[in-house]
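Asks: Now for the letters of each chain:
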Amino acid sequence: MQRSMRLPFGRAASLAGKRSRKRWTASKVREALSAYGFLAPYLIILGIFTVIATAYAFYLSFFYVDFGFTQPIFYGFTNYQHIWYDLTHNGTFLTGILNVARYTLVTVVLQTSLALALALLINQNVRGRSFFRTAFYLPALTSSVAISLIFIWLFNKEGAFNYILSLIGIQGTDWLGNPSTALWAIASLNIWTTAPTFMLVYLAALQDIPDTLIEAARMDGATGREILFHIILPLLRPTTFVVVALGTIGGFQLFDQVFVMEGASGGPLNSTLTPVLQIVNTAFKDSLMGMACAEAVVLFIVIFTFTILQKRLIDTNIEY
Amino acid sequence: MATTAAAQGSVDATAVAKTSERQPLRPGRVGIYIVLILYSVFSLGPFLYAVIASFETYGQVLTTPPTFIPNPFTIGNYHEIFTNPDFYFLNYIANSMIYALGAAFFNVILGAMAGYAFGRMEFPFKNVLFALTLAVMMIPSYLIMVPKFLVADDLGLVNSLAALVVPAMVSPTSVFLMTQFLKTLPRELEESAVIDGASRLRIFWQIILPLIRPAMTAVGLFAFQGAWNDFLWPLLVMSSQNKYTLTVGLTFFKGLHYTQYNLLLAGATLNILPLVILFFIFQRYFIRGVSTAGLAGR
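Line order of the protein sequences matches chains A and B. Under the working numbering, think of the first position of the first sequence as 1, with each following residue one higher. Under the working numbering, think of the first position of the second sequence as 321, with each following residue one higher.
Please keep in mind that the hints were generated in silico from the structure rather than gathered at the bench. By construction, the Cβ of each residue, glycine as well, lies at the ideal position given by its N, Cα and C atoms. Please note that the accuracy of each hint is not assured.
Just so you have them, the derived chain B footprint on chain A, three or more residues with Cβ under 8 angstroms [to be verified]: (1) 169-175; (2) 178-184; (3) 296-306.
Here's a subset of chain B near chain A, in silico, CB distances under 10 angstroms, partners left out [said to hold, decoys possible]: (4) S360; (5) S363; (6) T377; (7) G379; (8) F469; (9) I601; (10) Y605; (11) V610.
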């Protein structure tokens, strides 16, 4: 009896609620206006420097834009045809893409493993946990320029790095001047600076794994190794996807370190030439703004494709 | 989304709970400590070595085997970079400070304003605009670098500090972090004030802002760090040497023919120092912020 009384009443109330939500009362208009007032600075800045700029980038990629001298000339797909020719004829843009692809493969694998290993170690209820977290995070805090400058000095032929190698009987080389080592010297310092950030992400994810789950597995007689490989790592998969995807996106955008350590020309035998370096050179050295936008669009497509593939491969759903 | 913000607070609580239940030292655990200590040396070593060497003379910086005690101890490198008229070092520091403090200040205020609207108000197109905020966080800087430069040029900003500060005034990331934080505050907070007829601006200023200090600190720190460490954008928009930021100016310490490593290390130390100081004061905000932003990506 009571239930049947309540039902229509509740429905009526919810209908009234819906009706009032649609109606424009004076207070709602006032709230909307003040909301837009609060949002205005953000929307203006975002609109001009990001939204319009993004649309402009795609638009300009179909033009010949000679900075400051002539009006943009419609070019159709000419810029893209140039890039296609470069990619199919072993051009410098291809060299750049291949450089960062190799670089990204190595850095992502190593920095992800390192980040996970450090997070698992720190998560072992160690004493001085916050000291280690802080000490490990310092390379991630500082600017890429300062770190690059320090490593120019450490990697120099008479530098500390080669001295340490000489102690264990290895003859070092001029790491940054040698075409077969330059990119890998830069990769090693970037693994060192990027891993700590991802370590923090893994640490936060490890905290989210319920202790009861691990306890239950241990009660069932699972060994530490089984718990790691069959419980912890599968549960960390979504985090691993984020870490791998962010690492890939960052790796393909390599610029600061190669510019500071090797200069704008792309290092010994173009071994540290990267797509972003080329976009900067195309736009600001050759003054081909439209072409630079087309190169940026192509790079964007390449990175986007890799991210989608990784999403498919790594981020599969897990049943608890 | 709301759960990530809620988890934000609990992360440190569980961390404390876990460290308190200490385990006795077993051989396996000794191994863990050895690895952790070795990695600490690996992580901090290059910085300590660079800072020590910044007090050495040019000759000593390059000696092998490396020396870890400056002999003679000299502040000559610091004196030189500040006084050598070729470097404009004071300008670099001032420009970087203006950029970083400007970015931090505006991100805190404008980010809190936008976060207040998204987190606590109802208005048409709210969901569309919030989705746009999330989507825009994915747009890479290199894609918009050239048009952003052309826009800055059209607005007459190029080669002025405004070219650095204006585009960096509010980032979607700041708005996102503020929104998540503001959503977690209880509704009742401003209800009575609304009934009393207080204006939204007054509520924001007198009730909301004092309550969101932790989020403001985190947003301010990240904006400061981003601007202070930024290299590509200042490199593109600043054409005269006295307008360079510290990161851009420092690259000129690497000479074409030979590099004055001693000056370079002193400059790098001064670039690192402010962030290290901020980090030691506001550690937990940094660590929590990185964890939240990373986990939000899931």
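Asks: In ascending order, which of the hints set out earlier in this document are inconsistent with the structure?
Replies: Those not satisfied are hints 1, 2, 6, 7, 9 and 10.
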